[in-house]
Amino acid sequence: MIEWVNALVQGILLGGLYALFAAGLSLIFGVMRLVNIAHGDLIVLAAYIGLSTTMILGVHPFIALLIVMPVMATIGYALQRGLLNHALGDDILPPLLVTFGLSVIIQNALLEGYSADPQKLNGGAIETASISLGGLAVGILPLLTFAIAVAVIAVLQWVFYSTGLGRGFRAVSDNQEIAQLMGLNKAHVFGLAMALALGVTAIAGILLGVRTSFDPAIGGGRLIFGFEAVIIGGLGSLWGTLAGGVILGVAQTLGAKIDPGWQLLAGHVAFLVVLALRPNGLFPRVEH
Amino acid sequence: MSVPAVTRATRASRIATVVAALGLVVLMLAPWWAGRADMRLMGEIYLYLSLACLWNLMAGYAGLVSVGQQAYVGFGGYMLFALTVFGGLHPIAAIVAAGGLAAAVSVPVATLIFRLKGAYFAIGTWVVAEVFRLSFAQVSALGGGSGSSLPVGIVRSLSSSRSGREALSYWLALGAAVLVIGTVYLFLRSRRGLALTAIRDSEAAASGLGIDIWRTKLEVYVVTSALTAIIGGLIFLQKLRISPDAAFSVNDWTAFVIFIVVIGGIGTLEGPIIGTLVFFAIRETLADFGTTYLMILGAVAIVVMLKAPKGIWGLIRDRIDLELFPLGYRVHQEGGEGGTLK
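Quick mapping for you: the protein sequence lines, in order, are chains A and B. Those letters in the first sequence? Residues 1 to 288, per my numbering, in order. Those letters in the second sequence? Residues 1 to 342, per my numbering, in order.
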């Protein structure tokens with residue numbers, strides 16, 4: 001019995017990481033209706049930038065975030081203004097195929113620069129530390145990851161609904177033309193949204209790298225986890241995304257408890273079941 | 001006042017038909033004039049051409065942008081292995097059966113993922129491909145995660161000599177390409193094709209004219225899935241070895257195919273053909289560069305998508321009014337220039 005409870009707790013905490021994968025995806029879709037196929041590869045890119053930072057400066061991965069976050073945000077802004085803004089329009093094909101091409105480019109650039117060998121960020125003592133909660137040993141790192149996910153989503157929620165920047169996001173999301181007439185520069189607002197999304201992606205990438213080993217090919221899988229969390233939670237709802245991540249994480253750990261080979265399959269099946277029963281997700285939000 | 005004549009074929013399309021027929025005869029005779037390596041390469045080209053035509057039918061005409069067609073390539077490959085090894089079927093019968101099974105599987109899959117729109121549909125198809133990959137990796141009888149090889153006895157049942165097998169597998173690939181291009185062409189010329197074009201241009205208007213959009217898209221999805229599985233079976237009949245990672249590879253069976261269609265010209269029948277030739281030309285010259293070659297391919301696709309979204313064939317058509325596959329209708333007023341209804 002306690003093993004199942006353990007699997008449940010681990011799944012919930014794992015869900016925090018998936019929610020972080022999903023938050024950036026959700027944000028970008030909410031603001032500019034863009035689905036970024038390269039999102040998973042950008043998470044992996046953040047992990048590799050973190051790897052280089054820790055190796056060059058000899059700092060802890062969490063300290064490296066001070067560099068990785070602004071770097072990723074800058075990449076995001078440049079990518080949006082230089083490339084993705086040109087692909088956005090009524091037709092869904094160009095953004096889809098451009099981000100798909102981007103995904104292949106990032107993946108192979110990482111392969112070229114870092115080889116296919118799995119890498120890992122060294123988090124030190126925190127990786128193995130745990131606290132005892134009612135007979136369960138809960139790892140500090142998963143706990144911290146979950147807490148960070150909650151904090152990130154709370155901050156995004158606050159930015160979206162309580163700041164001038166968020167007002168700009170919501171305005172261009174509602175009606176791009178009128179937002180332009182009101183003096184907002186759409187291209188700039190989109191750039192800022194992508195910068196914010198890739199800032200979150202930087203956190204996700206570092207936490208991923210400390211938790212498990214990674215290689216250039218795993219981006220697609222991370223994209224799928226993030227995407228599933230978004231759809232399970234319901235489009236446009238940030239807290240729903242956290243719930244979606246948790247459901248996906250729990251499905252995976254419970255699946256793995258039954259048979260290790262079923263871990264990923266159980267997560268996908270949970271997603272398909274939600275899609276069959278509640279096509280709009282569990283916590284759908286009327287478009288803001 | 002003379003009555004205008006309506007035609008579909010043009011002089012260019014009639015010439016193209018004759019050239020294509022002659023070319024087909026030359027290609028059919030390849031086992032007598034081409035070397036072993038060339039035949040292998042040409043077989044691969046036909047199979048990629050088929051995958052590209054099918055993806056183009058879905059994305060370019062039905063608006064179903066999938067990044068998960070590897071699901072059916074892998075399914076076809078695995079069905080070839082399962083039906084020959086455990087079902088005792090002849091490989092060719094197994095491949096045809098794989099197409100039927102894929103059609104049956106694709107219906108429930110479609111009812112689920114058609115709930116997702118646009119780009120979300122795309123990622124949904126990828127999830128389905130992952131489910132297929134993980135499921136086949138669980139089947140230990142088919143080699144589990146590490147895969148298996150086609151038993152020698154089954155390979156021999158195709159033909160006792162190696163050159164006989166190579167010629168047969170070449171003809172099968174060529175035949176499949178002709179079958180796929182022919183099916184897509186006839187589909188687009190039929191009433192369904194007209195409905196599809198209407199949906200592509202405006203879903204609301206098409207729906208107002210009484211077209212059942214969901215059903216039309218479903219038909220395209222099922223036909224595409226069945227033919228993709230048949231191509232998948234042929235691909236792994238050439239390879240003679242299958243593993244989940246190879247069978248359900250998103251790079252091999254979807255990324256390359258998308259690049260081919262985008263570069264050649266999406267939403268046209270000529271596009272995938274040109275794209276396939278360009279893709280193999282790039283591959284044969286740059287393949288030694290490994291990862292760099294893939295980065296170049298990705299960059300070319302991005303540039304084409306942004307600067308010339310109709311691809312190479314679109315660039316050609318902007319300059320000359322050329323249609324090798326007559327899909328549209330042309331109205332000719334006696335003594336006047338013919339106009340085109342696309």
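Quick caveat, the hints were computed from the structure, so don't treat them as lab data. Watch out, some of these pointers could steer you wrong.
[Said to hold, decoys possible] Residues from chain A that keep clear of chain B, each with C-beta distances beyond 12 Å, as calculated:
{"hint": "1", "residue": "V71"}
{"hint": "2", "residue": "L97"}
{"hint": "3", "residue": "S103"}
{"hint": "4", "residue": "I105"}
{"hint": "5", "residue": "I106"}
{"hint": "6", "residue": "W158"}
{"hint": "7", "residue": "L184"}
{"hint": "8", "residue": "D259"}
[Claimed, not checked] So, partial list: chain B residues that the calculated Cβ filter (under 8 Å) puts toward chain A:
{"hint": "9", "residue": "L112"}
{"hint": "10", "residue": "V139"}
{"hint": "11", "residue": "L142"}
{"hint": "12", "residue": "G143"}
{"hint": "13", "residue": "S146"}
{"hint": "14", "residue": "S148"}
{"hint": "15", "residue": "P151"}
{"hint": "16", "residue": "I154"}
{"hint": "17", "residue": "V223"}
{"hint": "18", "residue": "S249"}
{"hint": "19", "residue": "T285"}
{"hint": "20", "residue": "A287"}
{"hint": "21", "residue": "M305"}
{"hint": "22", "residue": "A308"}
{"hint": "23", "residue": "I312"}
All C-beta atoms, glycine included, are put in the ideal place defined by N, C-alpha and C.
Status of the hints after comparison with the structure:
Listed as outside the interface, V71 (chain A) is consistent with that label: its C-beta sits roughly 20 Å from the nearest C-beta of chain B, beyond the 12 Å cut-off. Against chain B, the non-interface label of L97 (chain A) is violated: not every CB pair exceeds 12 Å, the least being about 5 Å. Chain B draws S103 (chain A) into its interface by the beta-carbon criterion, the shortest separation being 8 Å against a cut-off of 12 Å. Taking the minimum C-beta to C-beta distance to chain B, about 4 Å, the non-interface status of I105 (chain A) is violated against the 12 Å cut.
Chain B draws I106 (chain A) into its interface by the beta-carbon criterion, the shortest separation being 9 Å against a cut-off of 12 Å. The Cβ of W158 (chain A) sits about 27 Å from the closest Cβ of chain B, beyond the 12 Å cut-off, so the non-interface label holds. No Cβ of chain B approaches the Cβ of L184 (chain A) within 12 Å, the least distance being about 24 Å, so the stated non-interface status holds. Its beta-carbon lying about 9 Å from the closest one in chain B, D259 (chain A) breaks the requirement of being farther than 12 Å from that chain.
Hint on L112 (chain B) holds. Least Cβ distance to chain A is approximately 6 Å, under the 8 Å limit. Given the 8 Å rule on beta carbons, the hint for V139 (chain B) is violated: about 11 Å separates it from the nearest Cβ of chain A. With 8 Å as the threshold, the beta carbon of L142 (chain B) stays out of range of chain A, its nearest partner Cβ sitting at about 14 Å, so the hint is violated. Interface restraint check: G143 (chain B) against chain A, minimum CB-CB distance 14 Å, threshold 8 Å, status violated.
The restraint placing S146 (chain B) at the interface with chain A is violated, with a minimum CB-CB distance near 13 Å, outside the 8 Å limit. The beta carbon of S148 (chain B) is not positioned within 8 Å of any beta carbon in chain A (closest approach about 17 Å), and the interface hint is therefore violated. Because the closest C-beta pair between P151 (chain B) and chain A is about 25 Å apart, greater than 8 Å, the hint is violated. Because the smallest distance between the Cβ of I154 (chain B) and any Cβ of chain A comes to about 28 Å, over 8 Å, the interface hint for this residue is violated.
About 21 Å separates the beta-carbon of V223 (chain B) from the nearest beta-carbon of chain A, more than 8 Å, and the hint is not met. With a least beta-carbon distance of about 11 Å to chain A, the hint placing S249 (chain B) at the interface is violated under the 8 Å criterion. Hint on T285 (chain B) is violated. Least Cβ distance to chain A is approximately 17 Å, over the 8 Å limit. With a least beta-carbon distance of about 13 Å to chain A, the hint placing A287 (chain B) at the interface is violated under the 8 Å criterion.
For M305 (chain B), the interface hint holds, the least distance from its beta-carbon to any beta-carbon of chain A being 5 Å, beneath 8 Å. The restraint placing A308 (chain B) at the interface with chain A is violated, with a minimum CB-CB distance near 11 Å, outside the 8 Å limit. Residue-level restraint check for I312 (chain B) is violated (minimum Cβ-Cβ distance to chain A is 15 Å; threshold 8 Å).
Hint compliance for this structure: hints 2, 3, 4, 5, 8, 10, 11, 12, 13, 14, 15, 16, 17, 18, 19, 20, 22 and 23 are broken, all remaining hints hold.
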